[in-house]
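Trainee: Residue strings, one per chain:
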Amino acid sequence: MSTLESLCAQAATGKRLALAKLLSAIERGEDLAEHIPIRDYSPTQWKVLGVTGAPGVGKSCLVDRLVKAWVDEGGQVAILAVDPSSPVSGGALLGDRMRMSSVDEGNSVYLRSIATRNLPGGLPARIDGMLDALVFAGYSHIIVETVGAGQSEVRIIAVADRILLVEGPARGDVVQAEKAGVMELADIVAVNKSDLDGADKTAEDIRMSLQLSETDEGAPVILCSAHTGDGISELVEALAELPSARGATSARARERLLAAWTESLLSHPGWADALKAVETGEANVREVIEDLLDDRD
Amino acid sequence: MPSIGRGVESQPLAATGVDAPLRIVIAKPGLDGHDRGAKVVARILRDSGHEVIYTGLRRTPEQIVRICTDEDAQVLGLSSLSGAHGYLFPRVCELLRESGLEDIIVFGGGIIPEDDRDEMYGSGMRAIFGPGTTSGEMQGFLDEIIRRNSDGESDGVGSDSDWRWGSE
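Chains as they are written, first to last, in the numbering used here: chain P, 15 to 311; chain C, 32 to 199.
Hints in this document: simulated from the structure, not taken from any laboratory. In this text the structure is predicted, and so the values were computed from the model without any measurement. The beta-carbon is built from N, C-alpha and C at its ideal position, and this holds for glycine as well. Among the hints, erroneous ones may be present.
If you anchor each label on the Cβ, the simulated ranges turn out as follows [to be verified]:
no., chain 1, residue 1, chain 2, residue 2, range
1, P, Asp305, C, Ile142, 49 to 59 Å
2, C, Asp147, P, Leu279, 27 to 37 Å
3, P, Asn121, C, Ile142, 43 to 53 Å
4, C, Gly153, P, Asn298, 54 to 64 Å
5, C, Arg178, P, Asp211, 52 to 62 Å
6, P, Asn121, C, Gly153, 26 to 36 Å
7, C, Ser192, P, Gly28, 49 to 59 Å
8, C, Thr165, P, Ser281, 37 to 47 Å
9, P, Tyr55, C, Arg74, 56 to 66 Å
10, C, Gly131, P, Thr242, 38 to 48 Å
11, P, Glu296, C, Glu145, 47 to 57 Å
Not close to chain P: a few residues of chain C, all C-beta gaps over 12 Å, as computed [said to hold, decoys possible]:
no., residue
12, Gly80
13, Leu112
14, Tyr152
Quick look at which bits of chain P chain C covers, simulated, 3 or more residues with Cβ under 8 Å [said to hold, decoys possible]:
no., segment
15, 47 to 56
16, 103 to 117
17, 275 to 284
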């Protein structure tokens, strides 16, 4: 049995260290297609929830609350918490864990901090494979918490079955809620920090905006507070009852394709040389891309 | 200031086998609210090109070992300014070995009196950094760890090597 095969076998029986090493292997580009099946996508029953929203709206604290609720129901919960890599040093400070203290005990929760490694779309290229591994290891609820880049962060629909958008009070006037972007793809919106002034007004603005669409009923908007616990049970209930995903099928397909394209570009044998050529000015971007494409067949 | 970010790419830890940053957990064990130093260290290591996971305050040794497991960390930095390092640091090292994490490299920092340090090293730690440590010195330690690893030396908490930073 190869090392990877043995790691897969151990991860499937709940060995956390094996799962951790498996995720590292996927992250560095090992091909596990032989050992780990691609997860099923069910239109009615979600497994992977993308949690997105601007920095500081309280995504991590809200996730902490959701995790507690699901574990109490007997769920096995995994979290991939994504934070940005430095474009200068390539390093990253992964701090989501400090806000999710409930995950460090018990055997029902697995949390892995991952850095974007400066990939486009705010998601690491190989996250799809990591999610397959978590489903394979038996997790019933899987959360991908994004970096929180904000409105344009739509790559998340390439990997998540449903999208929870977290908003907070005092995040701008009503026009903010009308802007195009992730708001249109959200399956549910949580307006966090309901203990602060202005949260109910924000929730109302978002509801109004979502209901303007004629073709669509609009995502549910739940007012809650990760700090006090108000509204959390309503949020958990609404998540359990989510109908099929709202995001346009075409947008989902487009993002899936872009994500897969990025990954295949990164695992192209000529990638490192291409990068060096552009960095040193030996070749321009167009020439390098043409070379890479020519090599492919 | 030496930057090991680039160096790491071309000189990976043998265990990872590929070009990748080190994954480093910075942890605060026990009842100790002083984390300015831990945060500065986390920032220095980030700027050196590594992926740093900060645990937050007041973690138990069991929780720290759990975090190192889940995160597949290669290096663990323990910080204590409470005076309880004499119990907490060796306890974390012991639990790491019991949990199959013999290969993880452990270093410490904070207020660790000279007289206590031999015991810390004896429990498997490879460096202790006190007040006044420069960022260059920490980077030098990691560079050395990476170099030794590529030479086949084992400095993990489960190894019986008596090498420590500054011992040569």
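Trainee: Decide, hint by hint, whether the structure agrees.
Mentor: Results for each hint:
{"no.": "1", "hint": "P:Asp305 with C:Ile142: 49 to 59 Å", "verdict": "56 Å, holds"}
{"no.": "2", "hint": "C:Asp147 with P:Leu279: 27 to 37 Å", "verdict": "52 Å, violated"}
{"no.": "3", "hint": "P:Asn121 with C:Ile142: 43 to 53 Å", "verdict": "35 Å, violated"}
{"no.": "4", "hint": "C:Gly153 with P:Asn298: 54 to 64 Å", "verdict": "58 Å, holds"}
{"no.": "5", "hint": "C:Arg178 with P:Asp211: 52 to 62 Å", "verdict": "56 Å, holds"}
{"no.": "6", "hint": "P:Asn121 with C:Gly153: 26 to 36 Å", "verdict": "32 Å, holds"}
{"no.": "7", "hint": "C:Ser192 with P:Gly28: 49 to 59 Å", "verdict": "33 Å, violated"}
{"no.": "8", "hint": "C:Thr165 with P:Ser281: 37 to 47 Å", "verdict": "39 Å, holds"}
{"no.": "9", "hint": "P:Tyr55 with C:Arg74: 56 to 66 Å", "verdict": "40 Å, violated"}
{"no.": "10", "hint": "C:Gly131 with P:Thr242: 38 to 48 Å", "verdict": "40 Å, holds"}
{"no.": "11", "hint": "P:Glu296 with C:Glu145: 47 to 57 Å", "verdict": "54 Å, holds"}
{"no.": "12", "hint": "Gly80", "verdict": "5 Å, violated"}
{"no.": "13", "hint": "Leu112", "verdict": "18 Å, holds"}
{"no.": "14", "hint": "Tyr152", "verdict": "26 Å, holds"}
{"no.": "15", "hint": "47 to 56", "verdict": "violated (count 0)"}
{"no.": "16", "hint": "103 to 117", "verdict": "holds (count 11)"}
{"no.": "17", "hint": "275 to 284", "verdict": "violated (count 0)"}
Hint compliance for this structure: hints 2, 3, 7, 9, 12, 15, 17 are not met, and every other hint is.
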